[in-house]
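Peer 1: Using the hints provided, position chain A relative to the given structure of chain X.
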Amino acid sequence: DAGITQSPRHKVTETGTPVTLRCHQTENHRYMYWYRQDPGHGLRLIHYSYGVKDTDKGEVSDGYSVSRSKTEDFLLTLESATSSQTSVYFCAISDYRGAYEQYFGPGTRLTVT
Amino acid sequence: KQEVTQIPAALSVPEGENLVLNCSFTDSAIYNLQWFRQDPGKGLTSLLLIQSSQREQTSGRLNASLDKSSGRSTLYIAASQPGDSATYLCAVLNSGGGADGLTFGKGTHLIIQP
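Sequence order for the protein chains is X and A. Residues 1 to 113 in my numbering are what the first sequence spells out, letter by letter. Residues 1 to 114 in my numbering are what the second sequence spells out, letter by letter.
What the hints contain is simulated information worked out from the structure, not anything from laboratory work. Note that the coordinates shown come from a computational prediction; the quantities given were computed from them, not determined experimentally. Heads up, some of the hints might be wrong.
To be verified - Here are the computed lysine to aspartate or glutamate pairs in the DMTMM-like style, where the Cα-Cα straight-line distance is at most 25 angstroms:
1. A/K42 to X/D73
2. X/K57 to X/D73
3. A/K68 to X/E59
4. A/K42 to X/D38
5. A/K106 to X/E79
6. A/K68 to X/E101
7. A/K1 to X/E101
8. A/K1 to A/D67
9. A/K68 to X/D95
10. A/K42 to X/E72
11. X/K57 to X/D95
12. X/K57 to A/E3
13. A/K1 to X/E59
14. A/K1 to X/D62
15. A/K1 to A/E17
16. A/K106 to X/E101
17. A/K1 to X/D95
18. A/K106 to X/E72
19. A/K1 to X/D56
20. A/K42 to A/D84
21. A/K106 to A/E56
22. X/K57 to A/D27
23. X/K57 to X/E79
24. A/K42 to X/E59
25. A/K42 to X/E27
26. A/K106 to A/E3
27. A/K106 to X/E59
28. A/K42 to X/E101
29. X/K11 to A/D27
30. A/K42 to X/D95
31. A/K1 to X/D54
32. A/K1 to X/D38
33. X/K57 to X/E72
If we strip away everything but chain X, and leave its shape as in the complex, we get (with noise of 0.2 angstroms):
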């Protein structure tokens, strides 16, 4: 299995409070990518990195920011969590080498009260 990690797994938190996630890899991707997965969906991108520092929205990026000081951490934010933002949230990971194959970590099960 590639080496990525999330934290924390699982996380219950108010309206309005602020929300860091955490992914971790330990394979020297380049590339790094955070999706939603939410019943009727499916999974949708939200944010990726193409290098530290390099970062740009996807698909569903209103209400998130996030972060990239290091190849190994991406760091998701929502700066006000709202009861939409309730979700299983999946970080990737991919690079070149392996024509771009993504892997997946185990997820983040968020809930947002």
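Peer 2: For chain A alone, kept in the frame of chain X given last:
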């Protein structure tokens, strides 16, 4: 905008049958296509990657084909087993390559009856 559709949404078959899962995509300008497996409450496991220049890939009892011009891929599972029960997801990477995320279908929920 790329859209990925998977048919059927759910499938239940007896153990031992061979089966085919279908995936279609609207924009043929893809870099590659991946098939994933997801068990309930778990992450995604990559099963097969087909690059745009390839026609098929095989891994054990799994065979995936790609017809880029018609926007279709199939995942063939031979001699199905109860342990194959899971949700199977198809995803495409657009031709921008690694800088883009995957576009996913909504999956086929597969149940193999013992």
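Peer 1: Next step is simple, just say for each hint if it's right about the structure.
Peer 2: How the hints compare with the structure:
no., hint, verdict
1, A/K42 to X/D73, "holds, 21 angstroms"
2, X/K57 to X/D73, "holds, 17 angstroms"
3, A/K68 to X/E59, "holds, 24 angstroms"
4, A/K42 to X/D38, "holds, 14 angstroms"
5, A/K106 to X/E79, "violated, 28 angstroms"
6, A/K68 to X/E101, "holds, 18 angstroms"
7, A/K1 to X/E101, "holds, 21 angstroms"
8, A/K1 to A/D67, "holds, 19 angstroms"
9, A/K68 to X/D95, "holds, 23 angstroms"
10, A/K42 to X/E72, "holds, 22 angstroms"
11, X/K57 to X/D95, "holds, 19 angstroms"
12, X/K57 to A/E3, "holds, 18 angstroms"
13, A/K1 to X/E59, "holds, 10 angstroms"
14, A/K1 to X/D62, "holds, 18 angstroms"
15, A/K1 to A/E17, "violated, 36 angstroms"
16, A/K106 to X/E101, "holds, 19 angstroms"
17, A/K1 to X/D95, "holds, 24 angstroms"
18, A/K106 to X/E72, "violated, 29 angstroms"
19, A/K1 to X/D56, "holds, 17 angstroms"
20, A/K42 to A/D84, "holds, 15 angstroms"
21, A/K106 to A/E56, "holds, 22 angstroms"
22, X/K57 to A/D27, "holds, 21 angstroms"
23, X/K57 to X/E79, "holds, 16 angstroms"
24, A/K42 to X/E59, "holds, 23 angstroms"
25, A/K42 to X/E27, "holds, 21 angstroms"
26, A/K106 to A/E3, "holds, 10 angstroms"
27, A/K106 to X/E59, "holds, 16 angstroms"
28, A/K42 to X/E101, "holds, 19 angstroms"
29, X/K11 to A/D27, "violated, 37 angstroms"
30, A/K42 to X/D95, "holds, 23 angstroms"
31, A/K1 to X/D54, "holds, 24 angstroms"
32, A/K1 to X/D38, "holds, 20 angstroms"
33, X/K57 to X/E72, "holds, 19 angstroms"
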